[in-house]
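Asker: Chain residues, written in single-letter form:
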Amino acid sequence: MRDNRRTRVVLALLLLTAFTLITLDIRGGTGSVGSGLRGLGQSVFGPVERAAAAVVRPVGDFFDGLSNISSNAKKIAALEAQNQQLQQLVDSTDTDRRRAQELDQLLHVAGLGRYRMVPAQVIALSSAQGFAWTATVDAGTRDGVRSDMTVINGDGLVGRVISAGPSTCTVLLMIDPKFDVAARMAGSGEIGNVQGHGQAPVELELFNAQAQVVSGDQVVTLGLSHGRPFVPGVPIGEVTRVKPTPGALDRTAYLQPYVSFTSLDLVGIVTEPPRKNPRDSVLPPVPTPSSTLVTPGSTPSPGSTASPGVLPSPTTTP
Amino acid sequence: MTIRRVVLATALLLTSLVLQLVVVNRWHLPGGGPFLMLLVVVSLAAVWGPMPGTVVGFAAGAILDVAPPADGPMGLWAGVLCLAGYAAGLVWLDQRRPVWIWLVLVAVTSAAVVVVYAGVSALVGDPRVAAAGVLGLIIGTVLYDLLLTPFVVPGVAALARRVDPAPSIR
Numbered sequence: 001m002r003d004n005r006r007t008r009v010v011l012a013l014l015l016l017t018a019f020t021l022i023t024l025d026i027r028g029g030t031g032s033v034g035s036g037l038r039g040l041g042q043s044v045f046g047p048v049e050r051a052a053a054a055v056v057r058p059v060g061d062f063f064d065g066l067s068n069i070s071s072n073a074k075k076i077a078a079l080e081a082q083n084q085q086l087q088q089l090v091d092s093t094d095t096d097r098r099r100a101q102e103l104d105q106l107l108h109v110a111g112l113g114r115y116r117m118v119p120a121q122v123i124a125l126s127s128a129q130g131f132a133w134t135a136t137v138d139a140g141t142r143d144g145v146r147s148d149m150t151v152i153n154g155d156g157l158v159g160r161v162i163s164a165g166p167s168t169c170t171v172l173l174m175i176d177p178k179f180d181v182a183a184r185m186a187g188s189g190e191i192g193n194v195q196g197h198g199q200a201p202v203e204l205e206l207f208n209a210q211a212q213v214v215s216g217d218q219v220v221t222l223g224l225s226h227g228r229p230f231v232p233g234v235p236i237g238e239v240t241r242v243k244p245t246p247g248a249l250d251r252t253a254y255l256q257p258y259v260s261f262t263s264l265d266l267v268g269i270v271t272e273p274p275r276k277n278p279r280d281s282v283l284p285p286v287p288t289p290s291s292t293l294v295t296p297g298s299t300p301s302p303g304s305t306a307s308p309g310v311l312p313s314p315t316t317t318p
Numbered sequence: 001m002t003i004r005r006v007v008l009a010t011a012l013l014l015t016s017l018v019l020q021l022v023v024v025n026r027w028h029l030p031g032g033g034p035f036l037m038l039l040v041v042v043s044l045a046a047v048w049g050p051m052p053g054t055v056v057g058f059a060a061g062a063i064l065d066v067a068p069p070a071d072g073p074m075g076l077w078a079g080v081l082c083l084a085g086y087a088a089g090l091v092w093l094d095q096r097r098p099v100w101i102w103l104v105l106v107a108v109t110s111a112a113v114v115v116v117y118a119g120v121s122a123l124v125g126d127p128r129v130a131a132a133g134v135l136g137l138i139i140g141t142v143l144y145d146l147l148l149t150p151f152v153v154p155g156v157a158a159l160a161r162r163v164d165p166a167p168s169i170r
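Here the protein sequences come in this chain order: C and X.
In this text, residue positions in the first sequence follow the working numbering: the first is 1, and each later residue adds one.
In this text, residue positions in the second sequence follow the working numbering: the first is 1, and each later residue adds one.
Looking at chain C on its own, in the form it has when it is part of the complex (with noise of 0.2 Å):
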């Protein structure tokens, strides 16, 4: 007999919880059972995330204990390993640059609108075959993050914290379709709500039906009392195309957000809004003929020369 009612009492039961447990976390917010459990997921796969992230990412690290050697043949293994280690280390220089070019830009945007921020990496992803859009940073609340903070990185708004443990926290990035911020384009101040749709493009729509918009035209975080959840003057997007919406009572955009979100790595998460509105001085340089014929990549600017290896203490104050 393959299959007995003992069997099926088991799945029954199992199916029975898993059906509780979605209908709780559907009806509760914060406090509820499923966040409950978000928490503790937080607090058991967090750590064992970062320990793996720190096995899997830095490839270098293999070959420190071998430099106490005296005899001949393990002189040749150590060697060996050296050379081997030296090769990854010429590899992994092209990365190295890349991060400090982006913790130094990072640092700039942070200068720029006086945010305090706990610079974090990018650790874990979500599945695509669960649907959101989120990642796990390794910050957590002994860093001082908590849930509703702005996560920025060097080109713009990242998303925000909506879940925190001890040492990794969830990050809802902006293109997620639960995702929802308050916006203000940057020259006009027209006001409006920016929604990711997954792959497809950021939406914006804005509360003015008569709001002029054109493509190119910048957009960034509106900001509310208090910094949570999102501190104002994040530089979101460019509006690429103007949904044409005769007769509708708001005006819909569509963005091209300044984050990559396929290449995310090095983010800060703001613990402290500024205590004034840095307005529009946040914003990229709107780009003229003349600097889109540079190739990304091909000359570091002269404020990218930072030493990597060299990173900041984790709270920068600017």
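Worth flagging that the hints you see were computed from the coordinates, not collected in a lab.
Heads up, some of the hints might be wrong.
What the hints assert, rightly or not - Residues of chain C clear of chain X, computed beta-carbon distances all greater than 10 Å:
| no. | residue |
| --- | --- |
| 1 | L86 |
| 2 | A135 |
| 3 | T141 |
| 4 | D176 |
| 5 | L224 |
| 6 | K243 |
| 7 | P246 |
| 8 | P278 |
| 9 | D280 |
What the hints assert, rightly or not - FRET-style restraints, in silico, Cβ to Cβ:
| no. | chain 1 | residue 1 | chain 2 | residue 2 | range |
| --- | --- | --- | --- | --- | --- |
| 10 | C | D180 | X | V99 | 47 to 57 Å |
| 11 | X | H28 | C | P244 | 26 to 36 Å |
| 12 | C | L16 | X | A111 | 22 to 32 Å |
| 13 | C | F207 | X | G155 | 49 to 59 Å |
| 14 | C | T20 | X | L147 | 32 to 42 Å |
| 15 | C | E205 | X | I3 | 53 to 63 Å |
| 16 | C | P244 | X | L147 | 38 to 48 Å |
| 17 | X | R162 | C | L224 | 51 to 61 Å |
| 18 | C | N4 | X | I101 | 34 to 44 Å |
In this text, all values refer to a predicted model and were calculated from it rather than measured experimentally.
By construction, the Cβ of each residue, glycine as well, lies at the ideal position given by its N, Cα and C atoms.
On the provided structure of chain C, position chain X as indicated by the hints.
Answerer: For chain X alone, coordinates are given in the frame of chain C:
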């Protein structure tokens, strides 16, 4: 016997979870990428039978529901993978079965879990389903899982048999 099963299942599920979240998802594969945990659940269930398959599936789904950066409806993966484990357990393969049964099993369960997950998400009003491109995701998941089957399933199945060489029929 049961303790050894629990240890092996835990180790395999944790390994596949970490590989999925920390390594595979960073590649941003077109079509979504493979579903490693499902491959582990299907392999274990097909060797151990429906009852252990149901339990392993539920455990895998529960881990997937709470491990960061998960943000779907809590308990949904637990229910979906529990069903997948039960279904794979019903097929209950032994070494004499032809290889193609494994491929059919992986393809059917891969498509089914995405369909059921999307269906329930849509029923509970999750706005993400509309933006997800479910059809492309089903095709992508099935293809990647089939591609990985020869590399993952025989190894996991062999480990499962070694831990529990003569599964008692329950």
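Asker: Does each hint fit the structure? Answer for all of them.
Answerer: Here is how each hint holds up against the structure:
Annotated as non-interface, L86 (chain C) keeps its C-beta farther than 10 Å from every C-beta of chain X; the closest such distance is 25 Å. For A135 (chain C), the requirement that its beta carbon stay farther than 10 Å from each beta carbon of chain X is not met, with the minimum near 5 Å. Once the 10 Å rule is applied to beta carbons, T141 (chain C) is consistent with being away from chain X; the minimum gap is 13 Å. Annotated as non-interface, D176 (chain C) brings its C-beta within 10 Å of a C-beta of chain X; the closest such distance is 7 Å.
Once the 10 Å rule is applied to beta carbons, L224 (chain C) is consistent with being away from chain X; the minimum gap is 22 Å. Every C-beta of chain X lies more than 10 Å from that of K243 (chain C), the closest at about 16 Å, which supports listing it as non-interface. Here P246 (chain C) stays apart from chain X, with its beta-carbon at least about 24 Å from theirs, past the 10 Å limit. No beta-carbon of chain X is positioned within 10 Å of the beta-carbon of P278 (chain C); the least distance is around 29 Å.
The Cβ of D280 (chain C) lies farther than 10 Å from every Cβ of chain X, with a closest approach of about 30 Å, so its non-interface assignment holds. Between D180 (chain C) and V99 (chain X) the C-beta distance comes to about 49 Å, which sits within the given range of 47 to 57 Å. A beta carbon spacing of about 32 Å between H28 (chain X) and P244 (chain C) agrees with the range 26 to 36 Å that was offered as a hint. Between L16 (chain C) and A111 (chain X) the beta carbons are some 25 Å apart, a value that agrees with the proposed interval 22 to 32 Å.
Restraint check, F207 (chain C) to G155 (chain X): a C-beta distance of roughly 57 Å satisfies the suggested window 49 to 59 Å. The supplied range of 32 to 42 Å is met by T20 (chain C) and L147 (chain X), whose beta-carbon atoms lie about 36 Å from each other. Separated by about 56 Å at the C-beta atoms, E205 (chain C) and I3 (chain X) satisfy the suggested range of 53 to 63 Å. A hinted range of 38 to 48 Å holds for the C-beta pair P244 (chain C) and L147 (chain X), which are about 43 Å apart.
R162 (chain X) and L224 (chain C) have their C-beta atoms about 58 Å apart, which keeps the hinted 51 to 61 Å range intact. Checked against the given bound of 34 to 44 Å, the beta carbons of N4 (chain C) and I101 (chain X), roughly 22 Å apart, lie outside it.
Checked against the numbered hints listed earlier, the structure breaks hints 2, 4, 18; every other hint is satisfied.
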